[in-house]
Amino acid sequence: MTARTLAQLAAGLAARKYSSAELTQAALARVQGAQPRLNALISITAESAQAAAAVADERLAAGKAGPLTGIPMIHKDIFCTAGVLTTCGSRMLSNFVSPYDATVVARLKQAGMVMVGKANMDEFAMGSSNETSFYGPVKNPWDETRVPGGSSGGSAAAVAARLASLATATDTGGSIRQPAALCGVTGLKPTYGRVSRYGMIAFASSLDQAGVITVSAEDAALTLQAMAGFDPRDSTSVDAPVPDYRAALDAPLTGMKIGILKEFFGEGLASEVERPVREALATLVKLGAVVKEVSLPSLPLSVPTYYVVAPAECSSNLARFDGVRYGHRCAEPRDLRDLYTRSRAEGFGAEVKRRIMTGTYVLSAGYYDAYAIKAQKVRAVITDEFRRAFQDVDLLLAPTAPTVAFGLGDKTSDPITMYLNDIYTIGANLAGLPALSMPCGFAGGLPVGVQLIGPHFGEAKLLGAAHRYQQVTDWHLKTPAGFAEAFA
Amino acid sequence: MSGAEQGSWETVIGLEIHAQLATKSKIFSGSPTAYGAEPNTQADLVDLGYPGVLPVLNAEAVRMAVKFGLAIDAQVTRRSVFARKNYFYPDLPKGYQISQYELPIVAKGFLDVMQEDGTVRRVGITRAHLEEDAGKSVHEGHAGVSAIDLNRAGTPLIEIVSEPDMRSAKEAVAYMKKVHTLVRYLGICDGNMQEGSFRCDANVSVRRKGADKLGTRAELKNLNSFRFVEKAINHEVERQIEILENGGKVVQETRLYDSDKDETRSMRSKEEANDYRYFPDPDLLPVVLDEVFIEGLRARLPELPDQKAARFQQQHGLTAYDAQLLTASREMAAFYEDVVAAVPTDAKLAANWVMGDYSAFLNRDGLEVAQSRLTAAQLGGLLARIVDDTISGKMAKEVFEVMWADGSDADAVIEARGLKQITDSGAIEKVIDEVIAANPKQLADYRSGKDKLFGFFVGQTMKATGGKANPALLNDLLKKKLTP
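If you're matching them up, the sequences are chains A and B in order. Here the first sequence is numbered in this note's numbering, starting from 1 and rising by one per residue. Here the second sequence is numbered in this note's numbering, starting from 489 and rising by one per residue.
To be clear, the hints were calculated from the coordinates, so they are not data collected in a lab. Treat the hints with care, as some may be off.
Said to hold, decoys possible - Straight-line distance between alpha carbons at most 27 Å, and here's what the computed DSS-like set of lysine-lysine pairs gives:
{"#": "1", "chain 1": "A", "residue 1": "461", "chain 2": "A", "residue 2": "286"}
{"#": "2", "chain 1": "B", "residue 1": "665", "chain 2": "B", "residue 2": "709"}
{"#": "3", "chain 1": "B", "residue 1": "882", "chain 2": "B", "residue 2": "940"}
{"#": "4", "chain 1": "B", "residue 1": "929", "chain 2": "B", "residue 2": "908"}
{"#": "5", "chain 1": "B", "residue 1": "938", "chain 2": "B", "residue 2": "908"}
{"#": "6", "chain 1": "A", "residue 1": "353", "chain 2": "B", "residue 2": "701"}
{"#": "7", "chain 1": "B", "residue 1": "709", "chain 2": "A", "residue 2": "374"}
{"#": "8", "chain 1": "B", "residue 1": "882", "chain 2": "A", "residue 2": "377"}
{"#": "9", "chain 1": "B", "residue 1": "658", "chain 2": "B", "residue 2": "624"}
Quick caveat: nothing in here was measured; it's all calculated off a predicted structure.
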């Protein structure tokens with residue numbers, strides 16, 4: 001039994017090859033078995049998973065199942081899950097049991113998915129290596145001495161090790177795509193506003209977007225179908241019809257114009273990464289795509305722009321964690337000030353504090369114009385450059401990350417080096433564009449990802465191109481040696 | 489403070505009025521806004537600032553703010569933006585207040601405010617913006633700790649910021665009352681000051697008369713009654729003048745008014761003031777309003793106080809001052825018009841009664857028009873009996889008191905108490921004859937020139953009729969009888 005993709009598992013369930021209860025039991029066993037090695041999860045929810053599986057089996061038996069019903073999955077621990085610990089990877093929320101479900105959680109629950117656990121992540125999604133988690137780093141299943149990327153490192157590692165066929169994830173500056181690339185899985189960040197942010201603990205509200213990490217583009221399409229759509233509880237979610245992503249997967253690539261982002265193939269890109277990325281491009285050309293070089297001159301300003309915008313919003317978003325109503329509270333506060341300062345000093349880790357301070361600084365009187373306003377202007381310019389690029393091309397292609405997975409601890413001492421990991425991914429967040437990373441080869445035994453960026457609400461095009469690519473390649477089906485045995 | 493000392497100084501006042509909008513639910517959540525519930529029972533996860541929750545703007549709050557803007561002839565901003573005002577306080581669950589900063593929903597309007605002397609001062613309104621209220625810290629009844637009640641958190645407010653256009657505490661109060669009248673006319677605020685639905689901060693400074701530059705101002709907080717606004721401003725003006733006369737400098741600071749001690753005290757200086765780090769709230773889209781929306785609201789505006797007062801002057805022949813008093817609240821104005829309906833030819837009589845005895849009794853019993861013990865129809869019924877000479881104006885006051893006490897109609901009281909005037913001249917003449925016959929000496933004196941005795945005969949006759957003789961008729965008849 002080698003069923004691994006969501007689509008294959010769904011087919012198995014439909015054909016009664018196994019029940020959701022059996023599948024869930026197998027997934028739980030796999031999750032528990034892998035936990036000491038990978039530390040990919042913060043919570044394992046065996047009991048509620050078994051209950052959900054039983055309900056799913058009833059639906060399957062009654063013929064009321066959808067394409068996701070009964071499939072085990074993992075939620076990034078940034079999504080609020082009713083009655084389940086929701087930590088956001090932080091000591092601050094290490095005691096927080098959410099009283100409600102995020103919209104994404106509710107929708108996938110509605111679709112009949114079975115949550116088996118909650119994925120580890122960088123604290124409050126701030127990090128590119130999953131090393132800022134209060135719950136310890138996640139190991140890359142391809143090489144357990146290396147990082148899985150971040151912040152959705154737990155989600156990416158879990159899918160790479162096939163603990164589940166999918167895990168939800170979030171992307172503020174590359175937090176879905178970069179770990180997907182480093183772990184050899186498919187990661188989709190939808191258009192800003194495509195998926196509700198309600199119940200997703202905010203890092204930088206204007207950049208955060210929920211998405212999914214899967215084995216294949218087809219699986220991402222199936223999951224996005226259930227996740228996407230307007231949510232009256234999120235004013236920034238867009239009230240636009242959700243296309244049939246599955247149906248769009250088979251559209252031929254003939255004549256599709258793919259732009260190569262000139263700025264992203266220069267200095268800083270490891271040649272061992274560039275090679276498979278260019279090979280992926282060649283494959284797409286074989287499938288009928290036409291290549292065009294595209295220049296977005298302001299794109300190199302993405303990283304500094306991002307490191308003003310994101311910390312500014314985070315400094316405000318994280319103000320609610322004050323020890324008053326929920327979360328970590330210091331022992332025996334002397335007075336209000338002591339309650340605030342010690343609860344926050346103890347509850348937040350170093351990277352989160354660094355960004356809160358940066359954000360507070362750039363919003364301060366006297367610095368607001370020089371930093372916050374200027375960053376907004378650059379952001380508008382970058383967005384406009386993308387907009388113009390998409391007048392000429394259908395999709396943009398770039399590497400996802402400059403290097404393969406680096407060693408645990410290699411970059412923790414230098415935040416700037418760490419920040420540069422997201423150099424190729426941040427632009428899509430600043431412009432609110434959908435983007436996807438998929439496996440395109442290996443370098444030194446470690447996975448390499450290629451990134452496709454689409455125009456606003458161009459998910460169907462992105463998924464279609466990725467699917468066609470995955471029909472003629474098998475990089476996405478490779479599993480790390482230590483986790484090669486099939487489950488279920 | 490002597491008049492002479494204050495005489496060389498000019499007071500400059502601007503007000504920031506916070507009016508709670510009368511929406512059913514909060515500005516960014518679905519929780520109810522009703523006052524007085526058990527602590528923390530009217531706060532949902534959004535109001536509590538739980539992780540992951542998001543604000544969703546209440547469209548009714550936007551409509552109310554736009555109505556206010558239209559009522560003060562302001563510019564209604566076509567694209568306004570919510571911003572976060574960041575500061576830490578336990579009753580501010582998110583660590584920021586959602587407000588509007590650079591692009592408020594209402595900009596540049598004005599109100600014409602009638603002063604006590606009947607003159608009108610135009611007060612500029614810089615802006616009015618939407619924001620959410622904070623919760624409350626409760627310090628009483630919890631030994632050694634403070635408790636937090638978040639029922640009020642997220643209640644919609646409109647903050648109305650005036651230009652520094654007022655020159656005395658009285659002017660400030662007149663302006664505040666005008667705004668109070670207006671928001672209640674518009675039905676956008678219940679105006680309840682005890683419950684904090686309508687409150688204000690005052691920016692107060694003084695300068696030498698004739699000076700161009702404004703003096704350093706102090707911001708007075710916590711002013712939740714018209715009386716406190718006046719008292720607090722007067723105290724503050726006195727304090728500042730005293731400092732300046734003694735060669736000192738007023739420091740820019742926020743001062744809290746303590747109504748128990750009737751004094752202001754420093755809360756924080758400018759140096760201690762928060763840097764609120766305002767920035768556009770990325771969780772909320774800009775509020776974009778089109779012409780159709782705005783004009784639709786304009787078409788549905790009620791008759792506003794100034795329009796109503798003008799109509800009262802024109803239609804009912806009232807003075808500007810009376811018209812202003814009668815239109816101070818929509819309820820009072822409606823009551824007045826209902827009374828007029830009963831005595832259409834005597835609108836002035838109706839005005840006198842509504843502003844006089846009726847208002848006095850309401851005040852005495854601490855009642856609003858809505859809680860009135862008498863309906864307008866009942867008061868109208870009483871006035872109709874004056875107009876048709878059934879009772880005298882003096883007797884009407886007596887009847888009114890009874891009506892107020894037991895809620896009965898005028899006719900019933902007149903009937904039960906036998907207060908109906910005697911308008912039968914034969915009956916009055918008979919009594920006059922008896923009085924004259926009983927007082928021959930006074931008759932002789934009167935006829936020999938003691939005119940003053942006319943009053944004596946009026947009194948005697950009135951007494952003999954139990955005060956029920958129609959006074960005009962009695963006068964006429966008596967004159968005839970006394971004349972030889």
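So, going through the hints one by one against the coordinates:
1. Taking the CA atoms of residue 461 of chain A and residue 286 of chain A, the gap is near 17 Å; set against the 27 Å cutoff, the hint holds.
2. Restraint check: the Cα-Cα separation between residue 665 of chain B and residue 709 of chain B comes to about 18 Å, which is no more than 27 Å; the hinted pair holds.
3. Using a Cα cut-off of 27 Å, the hinted pair residue 882 of chain B and residue 940 of chain B holds, with the two alpha carbons roughly 23 Å apart.
4. Simply put, residue 929 of chain B and residue 908 of chain B have alpha-carbon atoms about 32 Å apart, too far for the 27 Å limit, and the pair is violated.
5. Using a Cα cut-off of 27 Å, the hinted pair residue 938 of chain B and residue 908 of chain B is violated, with the two alpha carbons roughly 32 Å apart.
6. Taking the CA atoms of residue 353 of chain A and residue 701 of chain B, the gap is about 44 Å. The hint is violated against a cut of 27 Å.
7. Using a Cα cut-off of 27 Å, the hinted pair residue 709 of chain B and residue 374 of chain A is violated, with the two alpha carbons roughly 36 Å apart.
8. With a C-alpha separation of about 77 Å, the suggested pair residue 882 of chain B and residue 377 of chain A falls outside the 27 Å cut-off, and the hint is violated.
9. The straight-line distance between the Cα atoms of residue 658 of chain B and residue 624 of chain B is roughly 30 Å, outside the 27 Å bound, and the hint therefore fails.
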